[in-house]
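Trainee: Chains as they are written, first to last, in the working numbering: chain A, 1 to 199; chain B, 200 to 305; chain C, 306 to 536.
Keep in mind that the hints were calculated from the coordinates and are not lab data.
A few of these clues could be false.
[Said to hold, decoys possible] Chain B side only, calculated, beta carbon under 7 Å to chain A, not exhaustive:
#, residue
1, Cys232
2, Ala247
3, Pro248
4, Gly249
5, Val251
6, Ser267
7, Asp274
8, Arg276
[As the list claims (entries may be wrong)] Which residues of chain A face chain C? A few of them, derived with a C-beta cut under 8 Å, are:
#, residue
9, Thr5
10, Arg58
11, Gln62
12, Thr65
13, Arg90
Backbone N, C-alpha and C define an ideal beta-carbon position, used for all residues, glycine too.
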Amino acid sequence: MTTFTRGFRGRRRGEDDRLPPGQYLTEDFPVLSAGPTPHVPLDRWEFTIDTEAGQVHRWTWQELTALPYEEPAVDIHCVTSWSKLGTSWRGVSLDVLFEDVETTADYALVHSYGGYTTNLPLDDLLDGKAWIAYRYEGEELAASHGGPARLLVPHLYFWKSAKWVRGIRLLTEDWPGFWETAGYHNYGDPWREQRYADD
Amino acid sequence: MQADHLDGNALAGPLAEIFTADVSAAVSRCASCGLTGPVASLRVYDRAPGLVARCPGCEEVVLRLVRSPDAAWLDLRGAVSLRIPLSGTNPSAVLSDEGGRSGAER
Amino acid sequence: MTRWRAARLVKVRDENPTARTLVFDVPGWPGHLAGQHVDVKLTAEDGYSARRSYSLAGTEGVELTVQRVPDGEVSPYLTLDMEPGDELELRGPVGGWFVWRPDGPAPVLLVAGGAGIVPLMAMIRARRAAGADTPFRLVYAVRSPERLCYADELLRPDPGVSVTLAYTRRAPEGHPRPPGRLTAADLGPYGEADCYVCGPTGFVEAAAALLVGLGHDPARIRTERFGPTGD
Chain A
1 MTTFTRGFRG
11 RRRGEDDRLP
21 PGQYLTEDFP
31 VLSAGPTPHV
41 PLDRWEFTID
51 TEAGQVHRWT
61 WQELTALPYE
71 EPAVDIHCVT
81 SWSKLGTSWR
91 GVSLDVLFED
101 VETTADYALV
111 HSYGGYTTNL
121 PLDDLLDGKA
131 WIAYRYEGEE
141 LAASHGGPAR
151 LLVPHLYFWK
161 SAKWVRGIRL
171 LTEDWPGFWE
181 TAGYHNYGDP
191 WREQRYADD
Chain B
200 MQADHLDGNA
210 LAGPLAEIFT
220 ADVSAAVSRC
230 ASCGLTGPVA
240 SLRVYDRAPG
250 LVARCPGCEE
260 VVLRLVRSPD
270 AAWLDLRGAV
280 SLRIPLSGTN
290 PSAVLSDEGG
300 RSGAER
Chain C
306 MTRWRAARLV
316 KVRDENPTAR
326 TLVFDVPGWP
336 GHLAGQHVDV
346 KLTAEDGYSA
356 RRSYSLAGTE
366 GVELTVQRVP
376 DGEVSPYLTL
386 DMEPGDELEL
396 RGPVGGWFVW
406 RPDGPAPVLL
416 VAGGAGIVPL
426 MAMIRARRAA
436 GADTPFRLVY
446 AVRSPERLCY
456 ADELLRPDPG
466 VSVTLAYTRR
476 APEGHPRPPG
486 RLTAADLGPY
496 GEADCYVCGP
506 TGFVEAAAAL
516 LVGLGHDPAR
526 IRTERFGPTG
536 D
């Protein structure tokens, strides 16, 4: 039985039809992290896509930022129940990065500097649904928010948008990531409120 | 950045929901580097979907805890072992709702 | 297993302009050791809930001292809005590591940064309540005089307990130590001791490093960080 605390409202407020069920609006940008912030010098930074056949596609920082970019404005939804509306980013669409990648894999395991992993179906990374983002609100993406670059997959809970992204492994079988092996939902659709493994 | 974590003390409440003994006072051995010390001295990242406790020596994950509305998920892969002090007068005795703590402790 | 219990606020006491002590009535409270903490849960009428951990300040019952953090989510409510009769939920006491027992024979060195004084005050109070003669030394780093908690109690003579105030930004007139961050000179010399350090994460890192530098055994330095905001 819950005891309500009279007069307590909390910081997060708001009703908005852009809010998925169980989410609260936030104006600031909470920093969530499962470990220390990795600092990767840009001259040693790289992003890779490894296919199931063992082919490796590799981009340096210069190569990535020379690719055509997009500037998505999207709502983001964290499983800890905050949502932030209308965030603006700059990044390279995964469609661009996958142009020359030959694969029949169905699954992707995203991995990060610092060791974080998250998994999702490859389809959820394609067709304009995901970016490797390196600018946020007109500025370089701060290390605390995943800079130099993070994955941005705004249609899923934000733990799928891996900070400090380092690469994607393409797999023929699904391989659950860091939170997906610890009780969180394997897919994580905020509109179906898929927070936990049993949801 | 080092101002982003707490001590393992912060695990005491969430783990007290699962265990009768006080696991934060237990001694754990890191599966990655072998460092041995109290769970209370691990580095706990709590601004995350769950609690992540890392070894203060090598920063590998020692323990993860996620609480959903109807279950707790506990991952102890990163700990070789936990030595949990158990005796009539150990501090864990005060953690049980049933009491049992000795009067001398006050 | 430890469950959530309803706790009713019965009394408040302002420690200074930004910190307030809250005394709760918690039926069935089993008692606690000095240094232990509770987790509190506040639930808004719409179901939104927030959790925080606070150290127990007293030796009996549930007494919490909360420092108000500007822009905080929970501490402004606890220090400004919550009134006697209002309820929240709490779980505890918890934490069997950062504790002091009156039967501990070793001298004790307490190092507090700001609101980190709370569990260390509980240890001083437990020592007094038990009539223990263990030597205690408290080094309390605090931004300015108006941030002091428990000022009257700490400045009153307590045989066997020495108190050093280290103001970090602004000291009262006539204070012998110029304002500035905590140094090794503030902490030493002091013989072998059980050390307890509590404060914001950065303070704890710095103070623990100073103690190790002074030759204290790292295994006898217990720390409690309360995170970047402490809200």
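Trainee: Please write out, lowest number first, the hints stated earlier that are contradicted by the structure.
Mentor: Per hint list: 1, 8, 10, 11, 12 and 13 violated.
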